[in-house]
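Take a look at the letters that make up each chain.
2 protein chains.
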Amino acid sequence: MVNILGGKGANIAEMCKLGLPVPPGFTLSTSLCSDYLKVKSLSVVLKNNIKKNISKTEGVVEKTFGGSNPLLLSVRSGAPVSMPGMMETILNIGLTSKTIPHMIKMSKNEGFVYDSYRRLIMMYADVVMEKALGLNKSTQSIRKLMEKELESVKKYKGYKNDSNMKAKDWKALSNKYLRIVEKEFGIPFPDDHYDQLYGAIAAVFESWNGKRAKEYRNFEKISSSMGTAVNVQAMVFGNLGKDCGTGVAFTRNPSTGENVFFGEWLPNAQGEDVVAGIRTPHPVAGNNKKSLSVAMPEAFKELNSVRKKLENHFDDMQDIEFTIQEKKLWMLQTRRGKRTGIAAIKIATDMVKEKLITKKVAVSRIRPHQIYESLLKNIDPKDVENSLPISLGLPAGPGASCGVAVFTAEKAEELGKKNKKVILVREETSPEDIHGMHYSEGILTSRGGLTSHAALVARGWGKSCVVGCQDLIIDKSHTFAKIGDKKIKEGDLITLNGSSGDIYLGKMRLFQNPLDNTGPLSLLLSWADKIRKLKIRTNADTPDDCEKALSFGAEGVGLCRTEHMFFDEKRVHEFRKMILAEDRESRNSYLKNLLPFQTKDFYKILKKMDGMPVTVRLLDPPLHEFINIHGKEMRNLADDMGLPLKAVEERVDSLKEANPMLGHRGCRLGISYPEITSMQARAIIGAAVKLKKEGNNPKVELMIPLVSNLAEFLNQKEIILAVKNDILSKNGLNINFKIGTMIEVPRACLVAEKIAEEADFFSFGTNDLTQTTFGFSRDDTGTFFPHYFNEEIMLADPFEQIDRKGVGKLMKIAVKDARATKNKISIGICGEHGGEPNSIEFCKILGLDYVSCSPYRVPVARLAAAQVEL
Amino acid sequence: MVNILGGKGANIAEMCKLGLPVPPGFTLSTSLCSDYLKVKSLSVVLKNNIKKNISKTEGVVEKTFGGSNPLLLSVRSGAPVSMPGMMETILNIGLTSKTIPHMIKMSKNEGFVYDSYRRLIMMYADVVMEKALGLNKSTQSIRKLMEKELESVKKYKGYKNDSNMKAKDWKALSNKYLRIVEKEFGIPFPDDHYDQLYGAIAAVFESWNGKRAKEYRNFEKISSSMGTAVNVQAMVFGNLGKDCGTGVAFTRNPSTGENVFFGEWLPNAQGEDVVAGIRTPHPVAGNNKKSLSVAMPEAFKELNSVRKKLENHFDDMQDIEFTIQEKKLWMLQTRRGKRTGIAAIKIATDMVKEKLITKKVAVSRIRPHQIYESLLKNIDPKDVENSLPISLGLPAGPGASCGVAVFTAEKAEELGKKNKKVILVREETSPEDIHGMHYSEGILTSRGGLTSHAALVARGWGKSCVVGCQDLIIDKSHTFAKIGDKKIKEGDLITLNGSSGDIYLGKMRLFQNPLDNTGPLSLLLSWADKIRKLKIRTNADTPDDCEKALSFGAEGVGLCRTEHMFFDEKRVHEFRKMILAEDRESRNSYLKNLLPFQTKDFYKILKKMDGMPVTVRLLDPPLHEFINIHGKEMRNLADDMGLPLKAVEERVDSLKEANPMLGHRGCRLGISYPEITSMQARAIIGAAVKLKKEGNNPKVELMIPLVSNLAEFLNQKEIILAVKNDILSKNGLNINFKIGTMIEVPRACLVAEKIAEEADFFSFGTNDLTQTTFGFSRDDTGTFFPHYFNEEIMLADPFEQIDRKGVGKLMKIAVKDARATKNKISIGICGEHGGEPNSIEFCKILGLDYVSCSPYRVPVARLAAAQVEL
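Quick note, the sequences are listed as chains A and B, same order. Those letters in the first sequence? Residues 7 to 876, per this note's numbering, in order. Those letters in the second sequence? Residues 7 to 876, per this note's numbering, in order.
So that you can see chain A by itself, here it is in the shape it has in the complex (with noise of 0.2 Å):
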């Protein structure tokens, strides 16, 4: 019943029913909450309620709220899904000068009753009358007010802890709060037991609309329709004695997903004091003579037998809070426990094998990117006990990053260059930056959020990000910058944990998890492969990536960009010539020196990979990116080509093109200039009858880039054709392979049911699919993209999830008209959509056969896959 109590307040039920030790109280339904949000007060009704729930309470603890046996209450927020930054939560209600002269004679121990009070009092102004109310005029947070507050008073009575304060300290101290909150909001602190309690709840449910609440739904895509729920409950008290105590733990380690009891606790403490770190915890397990099992063993031995219990029951690793009052243990909340991808990924696995779950549930568990986190680079675990972050931003994009600060994009492209590794600094990024931004191990700003130029960047790029550091100043002259007193300059090492925020001084030791043959992650996804139907394979350009993705488990390779080939140093000065060349002839010379590079690049690929198939994708390269070139450069260009400089930088400025990305590329190159096609085919079919000689099984599919209509195939087909009878009339030997097309434009999946009449196969090209459905250039959208999600105009960026209703209609078309024409036409995707999850069930549904990704997303590829089944 997640949907009408709340993830805690369903929790706190289950564990009711399984007879855990919970305080008595209640859950108020998500559904009021739409219901107060509407006219911004608690109905009768729903007072009335309260109030008859209020007393089932009294019952049961035999304590009366508002009484001279005082019943104190929490309220916690609840919705229906976890969005942290947003959970208000707010205890000891139920003090009011009329209860604490009970509550002291109760306990005994004045100093907690004020101790508590003032607790109440900064809890109830901060989120009641501070967020909830609006009350607060000034910039400075009620809560800040009253921690200074707090701090004077320890300062001034030499105090070194808060449990060095006395009960008159608490006294006074609860004395000042309530000065403060009827100084600064100028209506006095409620005496009012119910007026505490309906404030507070109301107060709950206006958070749900709270500024961070729906910045975080909207990053979650979670629908603002849910509500949250309300928990009201007994307040249990860790800090009434040293027979008390609090602490939160996990089930099993978060970060390794080891088999452990994991946890912190202090004595005579309540919640807040664990998390808030003013005092160091202790572990809850262990031999440690301050941790729990040997402090309290009675109440360690409930807790552990609690922690198998709730595995048992919710079968998945839980993050648990517990208070220890005079030595009874009470549970407060249990959740499923967030944990790191190496953690989840151990942590399923092992309940396999502990016949907890079974292997359709551990693959269907884990979430695809917690694979991808899992293989990027972390830091070392020891020099993150060492080091303390010096910061912390906005985690945008995942992995950690290692390097020196540089405060400009060009100095970041000049150290770039020389392969030294670089992070980038800036206030913010614009797309002036990208090309620094190209260069750099990591990014980081101090402006923007998650979907700010750099987070959509880097992301993009799979780079290491953190973003909105608020404490970073850079100085205008772009040689250090500032966080806090500590300098950063030009050259200093920094390094950031893009999947925290976290931001370090200095050098740290950063690793990479292995794809370990026997580990977890290989067992994980060996189930995940037995369940999934799509083929998974992988974009690679080289026979190092083909071995780094075979490594990852890669079934053949979905796109080979041979222009990629060409970036080489050596062989980029023979294709510029070849690009250059201003006749048939010359271009033809000129190819000829290619045919050998090319051919051996092919070999190459096919005997690593075979037995599988390998989609070569015929010359598609980015005119411009291969040209620009000056000075020197052009000079040498022109005097081995025998060419008058002024030809060159003529032929130079006549392929510069208005939109390349809409010019005269993919196929349109290879009409103009069939020879290209002709060298490229030759060189591919060139290399597999070498192997097929040789006793290897080269499975060869030769990809036409860019058609819109079926004649353009054909011409490109034809020219192929050509070359595989000669090489076949000189060789005498038979091979077969395939050719096809990639699907890029709209045009061709409009007449994609002409188009199969010829093409053996079909990949989708769905990042250019996506440029030309939406018409946006990729490397043009920085400028408007932010608005776009600012304003909520689009809620996922197209580039990184296939959008269906548009992208996805016109593939839906083109995959029915080609099967219509062809039932068997083999069907993948090679955009960078192949390795995204919800992309990747969307193929699914679209009935392709596989789908094509780079190396390191094959692992969540296969396990997306997989899900996708489930």
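None of these hints come from the bench; they were simulated from the model. Certain hints may be false.
Identical copies go unnamed one by one, so any copy, or any two together, can satisfy a pair.
Subject to a maximum C-alpha distance of 20 Å in a straight line, what follows is the list of computed SDA-like cross-link-like pairs (lysine to any residue) [as the list claims (entries may be wrong)]:
1) K334 with C22
2) K744 with N829
3) K344 with V87
4) K417 with E656
5) K638 with S113
Values in this document were obtained by computation on a predicted structure and should not be read as measured data.
Given the coordinates of chain A, work out where chain B should sit on it, guided by the hints.
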């Protein structure tokens, strides 16, 4: 039976049926052509059939083929569609060493017989032996060799004209021709009458697959499978003596359409003499003493009655050929007369008045492009009469142009910018010349055909253009050119007729037919208006455009591009400041400066179009065009904005995009800078309110550009509605207007169902939709489109004619889905296709409500829209 008999054959048969005097004979049907082409020889069956028909003909004329009263034959091609330039004719077949003496005896005119014989030898050698059999190995054509021979005889003898040639001269020449044939081709001229006949028939069939014929069919999109028919008829002779003659005539004036008999004849001549231009022909009608009506009144009378019979029978103006042999009139051919656009319109409207045809037939008979042509610039006919073209090229871009010759694109741009009228003269053009072509009145090239770069660009831009003028030799200095011995220096005035291909030296007067309200065009269009259901609007950016379009019959404005209002020098400065503003505040202040301009513009346009719908597109500026500024201009701007030069330079740089076509434009701009949308809405609604207060009836339609999802549309709609409410609350005047969107990216079509929920109208922007559907940037197609047309990968330019299979499929989806949501939603088209007849037909099929096109295209669209209904 045109498909079986060919055009010529079918019309000859019609003339027979009408009882007109036609030389007896028969027609070989088109299906025999494909039979022949399969086996490349005439079958025995066919030969027998030919013989049978010859004997029938012999019976009628009472002569014998190859006999002592010899029947001579003509063999003429005749395809089902007119194919000028491939028509082959061989006359006088049957003249052999055996029949010549009989002919001399019969005709008592040896000169006539040998003249006829030498004509036969030359035609046969040319058509059969050289072209069909390919016997000639030399570079000079046999025809040229023979013509030279005749010239040298005349020169030697001192003859001025062919008519001075004596019988013995013709005889000697015939013998010389026989020797030339044997020497050049290695085989003798056939002396058997059936050899001659079969050779001629086979050659005509063969000519169907000749190079010229194939090229013509490709260009005119005529199917290759039709084949040509062959007409075999008894010869009649216009050159038997003074009571003979031959002529060609149009039943009405083909240039002006006037209902006068318009033709030329020559006494004592064969048909080719009239066409060849060696002797100056005389008029057919009129009082001139050399006119046929005076010279042979009887024959003329009969011819004039034939003229009327033919017009009555065919209901159309005819182009006829006739021969008079010994005072007897023979009709050789009749066909639909080609005519200028102006003539076509005049003839059609006259024929309605004459009750020859109905209004519907008149409307359906005019080709829409003839309307366009009739509105193009033409050379003053008087100037044409007084000038001889210095050369002829291919007519690649209709309309005339006159200006100074320049030989580089740079010079064209330089002078063009100074408003000098220039003609760009190049060997051929390439994309680098585009900037110069833009500034040229006309374009002339020495190389390339009707689909060359120059031709494509010129037609795209509606520029006058002549290509492939082989006589034109451009000096390498690019300062002058030569045509024959005529020198054209840079700066010399030349005149082009892009509709005929004629090139003239010097300045000629150009004129443009005004759309006379009482003239034939207005009359025709008024009939069209009653038939058509599609509304015709115009694309107009200024009050002047509106004025022009109204005079052409526009029924509203379908696209008013607001960015074009800023091209004015004074405004562009303010506009640039607005674009370059770094924050909202300064942008707002610049926008305030622009508001009065805009309000005034809209006021004028709406007033001009009072009572008609005016669709105003919100700002969609090509930013890179607006900020293409340097040097002083940039400094002025910086000074004016109070910013350092570097800041402005940086901002200009930051606005540069990788693919501006797919960049920060359209509604994306309005979403990033809502203040721009707001200002424009204020100007438009403000202008409308003012007009309404003044008692006018403004009908405003605000159009949001480049929408790809509903949220974009809503974002902009809300801004507009807020402005509306603000203005109305101040004015207290209610005003209705529509808010709609341009459908110009594929995704908009795919989610039309959603967008239609909120949009009042759709307007297809088919230019951009074509670009994104194909992934073609129109600016960059110059590099590969020529290959695409050469290789027949595309048969029509999708930027000219809507690509029904791709772009059209998207449009269909959009219309269907939008209407499913909102049955009555108004849908139109405002891309350049809106004025193209084939596309207009498609719009009708789709069920659109209106098309919108440039003012000059409005009459074309009015007619095309009517024809769609017929």
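Inset, instruction - Have a look at K417 and E656 and pick one of within, between, both or neither, based on CA distance no larger than 20 Å. - result: Between copies only: 17 Å across chains, 31 Å inside a chain, cut-off 20 Å.
Inset, instruction - Since the copies are identical, ignore which copy is meant and state whether K638 and S113 lie within 20 Å (CA to CA) inside a copy, between copies, both or neither. - result: neither (87 Å within a copy, 84 Å between copies)
Inset, instruction - Go through the copies and call it for K344 and V87: within, between, both or neither, with a Cα cutoff of 20 Å. - result: Classified as within; 13 Å inside a copy, 79 Å across copies.
Inset, instruction - With 20 Å as the alpha-carbon cut-off, assign the pair K744 and N829 to within, between, both or neither. - result: within (16 Å within a copy, 47 Å between copies)
Inset, instruction - Give the relationship of K334 and C22 under a CA distance limit of 20 Å: within one copy only, between copies only, both, or neither. - result: within (16 Å within a copy, 122 Å between copies)
Against the hints set out earlier in the document, a violation occurs for number 5 only.
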